[in-house]
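Participant: Here the structure of chain Y is known, so what remains is to put chains H, A, Z, P, F, L and V in place on it, guided by the hints.
Below are the chains, spelled out letter by letter.
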Amino acid sequence: MDDLLAIGGQKIASRLFLGTGKFSANRFIPLTVEASGAQVVTVALRRVDFDHAEEDVASFVPPTCILMPNTSGARNAGEAVRLARIARAAGCGNWVKIEVIDDQKYLLPDNYETLKATEVLAAEGFVVLPYFSPDLTVARRLEKAGAAAVMPLGSPIGSNRGLRTEELLRILIAEIKVPVIVDAGIGRPSEAAYAMEMGAAAVLVNTAIATAQDPPAMARAFGQAVAAGRTAYLAGLPETSDLARASSPLTGFLYE
Amino acid sequence: MDDLLAIGGQKIASRLFLGTGKFSANRFIPLTVEASGAQVVTVALRRVDFDHAEEDVASFVPPTCILMPNTSGARNAGEAVRLARIARAAGCGNWVKIEVIDDQKYLLPDNYETLKATEVLAAEGFVVLPYFSPDLTVARRLEKAGAAAVMPLGSPIGSNRGLRTEELLRILIAEIKVPVIVDAGIGRPSEAAYAMEMGAAAVLVNTAIATAQDPPAMARAFGQAVAAGRTAYLAGLPETSDLARASSPLTGFLYE
Amino acid sequence: MDDLLAIGGQKIASRLFLGTGKFSANRFIPLTVEASGAQVVTVALRRVDFDHAEEDVASFVPPTCILMPNTSGARNAGEAVRLARIARAAGCGNWVKIEVIDDQKYLLPDNYETLKATEVLAAEGFVVLPYFSPDLTVARRLEKAGAAAVMPLGSPIGSNRGLRTEELLRILIAEIKVPVIVDAGIGRPSEAAYAMEMGAAAVLVNTAIATAQDPPAMARAFGQAVAAGRTAYLAGLPETSDLARASSPLTGFLYE
Amino acid sequence: MDDLLAIGGQKIASRLFLGTGKFSANRFIPLTVEASGAQVVTVALRRVDFDHAEEDVASFVPPTCILMPNTSGARNAGEAVRLARIARAAGCGNWVKIEVIDDQKYLLPDNYETLKATEVLAAEGFVVLPYFSPDLTVARRLEKAGAAAVMPLGSPIGSNRGLRTEELLRILIAEIKVPVIVDAGIGRPSEAAYAMEMGAAAVLVNTAIATAQDPPAMARAFGQAVAAGRTAYLAGLPETSDLARASSPLTGFLYE
Amino acid sequence: MQVTVNGKTEEIPAGISVAEYLDRREVGRDSLVVELNGTVLTRPEWPARILNTGDRLEVVRFVQGG
Amino acid sequence: MQVTVNGKTEEIPAGISVAEYLDRREVGRDSLVVELNGTVLTRPEWPARILNTGDRLEVVRFVQGG
Amino acid sequence: MQVTVNGKTEEIPAGISVAEYLDRREVGRDSLVVELNGTVLTRPEWPARILNTGDRLEVVRFVQGG
Amino acid sequence: MQVTVNGKTEEIPAGISVAEYLDRREVGRDSLVVELNGTVLTRPEWPARILNTGDRLEVVRFVQGG
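Protein chains in written order, with the numbering used here: chain Y, 39 to 294; chain H, 39 to 294; chain A, 39 to 294; chain Z, 39 to 294; chain P, 14 to 79; chain F, 14 to 79; chain L, 14 to 79; chain V, 14 to 79.
The shape of chain Y in the complex, shown without the other chains:
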């Protein structure tokens, strides 16, 4: 199949991006990545804790995957830029998910600071995928600033509430030329399928998979659902009808 997603010079076959947060142990990550089929995987960056042995999460991500560090913890553009530069120095590529948050209750992004960080990092050659609150004007500016894709939220991070911002997502998908990837809030495979049916370029899922009782099984379910939604989008979804339309013939009855 030739339906590949082009971002940052890469051709990506799987439209499910996977986050690695909240896994009960790193050892579940490779199995889950494999079951999901994901080729883009996020990680975060934190200070080393010298007092406790720690694992390098990146070593649990299959080397064929694109590693996409996020800037979680950043409260403004400057902090996000600094984190992105440190991440790039780790030698795992130049992708970065911009995440600038100054609200601890809903973890909603600061679109303006996100835009500023995008401008700086795109100019420095990063492949920048900003996570943001869906807003058409902001998305246009992100695109103009050089974002490789835009990642609007469906609902608050980790809430499993699904595509509550559908109205705005639909407009972004219609108007924005770079890939629109729905990030945050997707809690069920059916929601991931629906996002793809709407025309999203991809979805990023973390909590719903990592916190499932059987993460690899749930990952496989999301992988299938994303593929299903994409296939249906390409095949053309049908119109709805207020009245019924018979699926068996309306002639040849035995009682005529």
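Just so you know, these hints were derived from the structure itself, not from any lab. Just so we're clear, the structure is a prediction, and the values are computed from it rather than from any experiment. Cβ coordinates follow ideal geometry from the N, Cα and C atoms, glycine included. All clues given are correct.
Here are the simulated distance ranges between beta carbons:
1. Y/G163 - L/E24: 55 to 61 Å
2. H/Q48 - A/L42: 54 to 60 Å
3. L/G51 - A/D41: 54 to 60 Å
4. Z/D140 - H/K143: 45 to 51 Å
Going by beta-carbon spacing under 8 Å, a handful of chain L positions derived as facing chain A:
5. E71
6. V73
7. V76
8. Q77
9. G78
10. G79
Facilitator: Quick look at chains H, A, Z, P, F, L and V alone, frame taken from chain Y:
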């Protein structure tokens, strides 16, 4: 995988049942059945038209499938029973989808006549799958009458309106012991996935696949979506949360 | 205003019917009825408890109201008929709400027994308003059996879940000639307004009002909402549009 | 009743704000304003057309109302500021609805330019009510900039699509201290009631009323619905329940 | 003499009417409806109708209900 | 001799069997089901069963249906 | 003498005031607001302010709007 | 000599390099990134760069994140 659906003494691996109505040509049927993975396939029964060469649709259904004739055209229990008996005489097994309709606008089933036909046919040894308007008391009576499964509608036949009767479907799934198969109205893979996530035993899809521009592609999408929804149901869907829950660690920030 | 609802020979101005169940004390009933504007009020019938002083709830209903006893407690048609006859003997008129339930978890009605009771009682001259699970064929039979109105549920009794059966309600409203009154499940004034905007003839509300902290205030809110929805229905609701349509002029800008 | 909305030093009894766009003739405005009960009424500012006799729309607004000119036509903060200053010079008060739009298809606001205009105009002593795309961080900045209230959109202007941004509106209502007024997209009284039940301080409605066949009737419906929703919000909406909860007593049955 | 009232068997003296029975139970008559052996008794019938052994009496009234 | 086939009255020669009737109509027998006067005829019964005046014959097959 | 009024260039006699200009255009003054070269002119300023070559005048009023 | 490492002030001997510091803390070097006074230090720079009083060192690695 051992997750098989047991109906009428059969063990069925695919939880997507396929209808054959509305295909632009019979030759698309085998490809579509194969792409969908369906093992249960519906057909209707009509008078032969001696003036035109006609094909036998059953010959287009792969022989490994269970053929499930419907009683479409029946306006009451007696007509449905008669059609079922004729269908069985064709030698393709003893499954029957009861469909009794006396409304030509919404094609909504007559639950009471459906119940009467179910009683008669179950007693005659048919594997009876009644299509009905979701109603808990009726479902209990269908179950008691010997229905092998019950098939409530999601929305009017061919409307592609999805699971508009979700409230009642959810109650049926919780209360009825025989398999609950959502029949009619499912228009998108995401809706099929959602029905499975709710705990439906299977879904029956026809219009959305047969009238797609590329029926085999859409069939594959539905097959994946149904598998995804089932896997997620078995893995346990997560709770939703009003507030956000961080997916990256809340400690170790560089700005502490 | 001449927009009166005709049922059983009466002309009713208020399209909010009120249930008296679950009030913390009978003394709140008259104030609440008055605040709601309701002219049709339901009561139940139960055995006298000789060991405790009891009040007659009917004496708390303003005498200008139509009293509509329900047949709650009936598990089949025979019991409903018996209760209706006893209620009529109390001398408070010949209206009756048929309620036949044999499910204690969801309190969903038994449509078939409800239909049988409707046939008997309509023939005996009662003004029969059957509460039922929305089903077009059943509604047509209720109408034919002489029901003065039909009362489909929006969601389970007392659940405050609103119009979850909207798809079926909409079809009933389009197809049934006697008044369609949405009974059960309405939990908010906005839901009552929406039912009226859809074209419901009236709504029956109980739990959401009786269990509010301030029942008369909530009753007034529902009364206003029902009036608002009805007015809007008569005035003609607007179409929706996928795109925006400016509400300020698109000419005469200062920047041309 | 003491439930007054305080904005800009005014105490406002009606929580329905009315737009004057799209009326087929100015003469319908006073009747409609009166029927709605609105006390805050919007107008726009445009160049005089010397070639055609024109009416002054402000003269059709009852003098007891607060006139709230909008800055429609502005494509950036500077233009909005200029329009606001001109509007104030007309001598009708110092309220202004900031509206900065650079998208002609969905008419979605430019939050960043809106914020800049708010900062300038609040500092000049205007009572500033910015219309914006719902976003928590932006709302906090608008509040800090001196906005007297914030007016997030429910769906695109004139679309009658209702509260599609509910998820974000709910968060704004929970977090923002100045009044949150839902502006744009409300197409039905039930939607206005629902916004008020959610805790919105007010709603601004234009298209759904002005383009109704009978604008005063629809205005009255909206006025009632807003009052109903507000009353219900103050009275405390009930919780929903998955199961039924009987509204008639569960003892004293005749069949025990 | 045994009768069943509202589902409970009880002993009462022979020869009392429905009206007398209700008075003995000290229940206000105004809002009651009485059914005897499955048939509604109208109010004027209460004084004349003498209870017999084995009678099933239902004494009901309106209560809150939705 | 008149019979009703699939709801239409038609004239046929006396003495022909169901099997012969189907052959005359040139319809492939493989996928058909035949009901005579409301009762299903099994395939082995077709050659032996001679059509009589007034018989109601239904000749049906499977078609597309959902 | 050329001025720009509401975005259109027009020729007017020299020496007329804003108030006079509006009178010439026969537009009711009551509900107007006038901006001259980007600055709002208050109503009392209209008679005194003489238009100069190149002035940009905006004459606006309230219209329907949401 | 005082330096600040990951936000905490600590006393270290003078004259040790970044590489030596990391060895002393017994932390595997493979997956680390080091920032000194706000600028990323590439891996080859670690042995050569001697820590000075008041230096602010950040030693970070990838962790789980969404």
